[in-house]
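Enquirer: Protein chains in written order, with the working numbering: chain W, 3 to 116; chain S, 105 to 214.
Be a bit skeptical, because a hint or two may be false.
[What the hints assert, rightly or not] Just so you have them, the derived chain S footprint on chain W, three or more residues with Cβ under 8 Å:
1) 4-11
2) 17-24
3) 66-76
4) 108-116
[Said to hold, decoys possible] Capping the alpha-carbon separation at 25 Å, the derived lysine to aspartate or glutamate pairs in DMTMM-like fashion look like this:
5) W:Lys73 - W:Asp40
6) W:Lys73 - W:Asp102
7) W:Lys59 - W:Asp102
8) W:Lys73 - W:Glu104
9) S:Lys158 - S:Glu109
10) W:Lys71 - W:Asp40
11) W:Lys59 - S:Glu171
12) S:Lys211 - S:Glu171
13) S:Lys158 - S:Glu171
14) W:Lys19 - S:Glu109
15) W:Lys73 - W:Glu55
16) S:Lys158 - W:Glu104
17) S:Lys158 - W:Asp102
18) W:Lys59 - W:Glu72
19) S:Lys211 - W:Asp40
Derived from the structure by calculation, the hints contain no laboratory data. A virtual CB, placed ideally from N, CA and C, is assigned to each residue, including glycine.
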Amino acid sequence: EAQVTQNPRYLITVTGKKLTVTCSQNMNHEYMSWYRQDPGLGLRQIYYSMNVEVTDKGDVPEGYKVSRKEKRNFPLILESPSPNQTSLYFCASSLSGLGDYEQYFGPGTRLTVT
Amino acid sequence: GIQVEQSPPDLILQEGANSTLRCNFSDSVNNLQWFHQNPWGQLINLFYIPSGTKQNGRLSATTVATERYSLLYISSSQTTDSGVYFCAVVSTSGTYKYIFGTGTRLKVLA
Numbered sequence: 003e004a005q006v007t008q009n010p011r012y013l014i015t016v017t018g019k020k021l022t023v024t025c026s027q028n029m030n031h032e033y034m035s036w037y038r039q040d041p042g043l044g045l046r047q048i049y050y051s052m053n054v055e056v057t058d059k060g061d062v063p064e065g066y067k068v069s070r071k072e073k074r075n076f077p078l079i080l081e082s083p084s085p086n087q088t089s090l091y092f093c094a095s096s097l098s099g100l101g102d103y104e105q106y107f108g109p110g111t112r113l114t115v116t
Numbered sequence: 105g106i107q108v109e110q111s112p113p114d115l116i117l118q119e120g121a122n123s124t125l126r127c128n129f130s131d132s133v134n135n136l137q138w139f140h141q142n143p144w145g146q147l148i149n150l151f152y153i154p155s156g157t158k159q160n161g162r163l164s165a166t167t168v169a170t171e172r173y174s175l176l177y178i179s180s181s182q183t184t185d186s187g188v189y190f191c192a193v194v195s196t197s198g199t200y201k202y203i204f205g206t207g208t209r210l211k212v213l214a
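This is chain W alone, in the form it adopts within the complex (with noise of 0.2 Å):
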């Protein structure tokens, strides 16, 4: 079955832990990226990866790290989590990056920081 698999799914730790949030597709993707969801707020793109080992900043990069060594995988880093990174958090992947294809969402990490 074609998917983006995320893992965890939810996740409790404490300020300053760091953490990884693996994130990863099976349909020959170019295209990565990650957002966050906040109440208020909608969707906001943390980071995104046109191709492998290229990537570059969405809108709220602050506070977060990404890799992309091969196609499949990209996973989120939170080097030092703090509060304000209590959020629910998407990966999303798609044929290409130029905009001309459908996205496609992971099931979504909730993660809160204590």
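Knowing the structure of chain W, use the given hints to seat chain S on it.
Expert: Relative to the frame of chain W, chain S by itself:
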């Protein structure tokens, strides 16, 4: 950057009613998608529709790119249609960023 506005922000319907949701955008786009976020938080693809009209069962969508708006029609609504509907666009300005609208929260009553 491009602005995306959705209306109405909230909508309550009786089961069986029809509705129209609107997405306005401030710049030309080469990608427009409609999503349904269900009560469990999952984002479900409804339509990829940068222009023209598409139909899928009780749902249909129309995008008039030259006038910078898209419409999502829901006919014979069901309680399972409840949730939040988002449109998302990619501007032709070349930034390759997906910009989401603020959403329409729909509640369908039995």
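Enquirer: Hint by hint, say whether it matches the structure.
Expert: Structure-based check of all given hints:
no., hint, verdict
1, 4-11, "violated (count 0)"
2, 17-24, "violated (count 0)"
3, 66-76, "violated (count 0)"
4, 108-116, "holds (count 3)"
5, W:Lys73 - W:Asp40, "violated (28 Å)"
6, W:Lys73 - W:Asp102, "holds (19 Å)"
7, W:Lys59 - W:Asp102, "holds (20 Å)"
8, W:Lys73 - W:Glu104, "holds (18 Å)"
9, S:Lys158 - S:Glu109, "holds (21 Å)"
10, W:Lys71 - W:Asp40, "violated (29 Å)"
11, W:Lys59 - S:Glu171, "violated (30 Å)"
12, S:Lys211 - S:Glu171, "violated (29 Å)"
13, S:Lys158 - S:Glu171, "holds (18 Å)"
14, W:Lys19 - S:Glu109, "violated (37 Å)"
15, W:Lys73 - W:Glu55, "holds (9 Å)"
16, S:Lys158 - W:Glu104, "holds (14 Å)"
17, S:Lys158 - W:Asp102, "holds (17 Å)"
18, W:Lys59 - W:Glu72, "holds (19 Å)"
19, S:Lys211 - W:Asp40, "holds (20 Å)"
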